[in-house]
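S.K.: Residue-level listing of the chains:
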Amino acid sequence: DAGITQSPRHKVTETGTPVTLRCHQTENHRYMYWYRQDPGHGLRLIHYSYGVKDTDKGEVSDGYSVSRSKTEDFLLTLESATSSQTSVYFCAISRDRGPDTQYFGPGTRLTVL
Amino acid sequence: GESVGLHLPTLSVQEGDNSIINCAYSNSASDYFIWYKQESGKGPQFIIDIRSNMDKRQGQRVTVLLNKTVKHLSLQIAATQPGDSAVYFCAGKNTGNQFYFGTGTSLTVIP
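Going down the list, the sequences are from chains A and B.
Quick note on the numbering used here: the first sequence kicks off at 395 and runs consecutively.
Quick note on the numbering used here: the second sequence kicks off at 107 and runs consecutively.
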């Protein structure tokens with residue numbers, strides 16, 4: 395998985411609780427992304443980062459926040475989890491923002507009860 | 107909005123046959139495309155990419171064809187093997203540098 399790890403790999407939580415997912419890369423790539431994958435939908439971008447402390451919203455950012463304090467780590471936080479946020483979350487990295495391949499991590503399966 | 111979609115949700119092929127998986131996209135300004143393979147419980151794995159200034163690109167046992175006139179791309183897998191069983195999806199990037207992903211075609215290889 396191109397030097398990308400995600401933690402935890404599985405999590406079950408209750409509605410209203412905060413949840414933080416972590417993505418860690420060893421490739422020193424500048425760009426990092428968080429996607430969610432749901433049945434019937436293609437991967438959808440939540441947030442992305444183009445450098446330490448530099449982040450921007452994707453198409454489904456409501457209810458999510460991110461932080462990037464180090465090149466290698468990108469955190470996704472659900473401030474107050476809802477059942478609609480039950481999904482599989484993937485982190486991806488790329489060297490550049492332009493036409494450049496994105497490499498994906500193994501994913502985190504999150505269930506919000 | 108932008109979209110890429112695959113033509114068939116499922117595809118079954120005999121081992122040894124060639125597989126063709128299709129994808130259509132909506133934005134004629136899309137300039138870069140990627141095919142991914144996703145096995146159950148794993149993250150998407152890069153297979154092959156193609157830029158819009160190309161019509162064809164070949165990899166190991168895989169070929170991607172891009173037809174910009176009809177906004178269509180295909181992934182051809184030669185001599186399909188059981189290990190090729192997975193979900194395949196395409197992704198397109200537009201000039202705004204965002205990727206749009208298809209929902210995937212589930213390929214089953216019959217021994």
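Hints in this document: simulated from the structure, not taken from any laboratory.
Each residue gets a CB set at the ideal place from its N, CA and C atoms; glycine is no exception.
Please note: incorrect hints may appear among the correct ones.
[Unchecked claim] A few chain A residues facing chain B, derived, Cβ under 7 Å: (1) G397; (2) P412; (3) G436; (4) S478; (5) V482.
[As the list claims (entries may be wrong)] One side only, chain B facing chain A, incomplete, derived with CB under 10 Å: (6) R167; (7) A197; (8) Y206.
S.K.: Could you check the structure against the hints above and give me the numbers of any it violates, in ascending order?
M.R.: 1, 2, 4, 5 and 6
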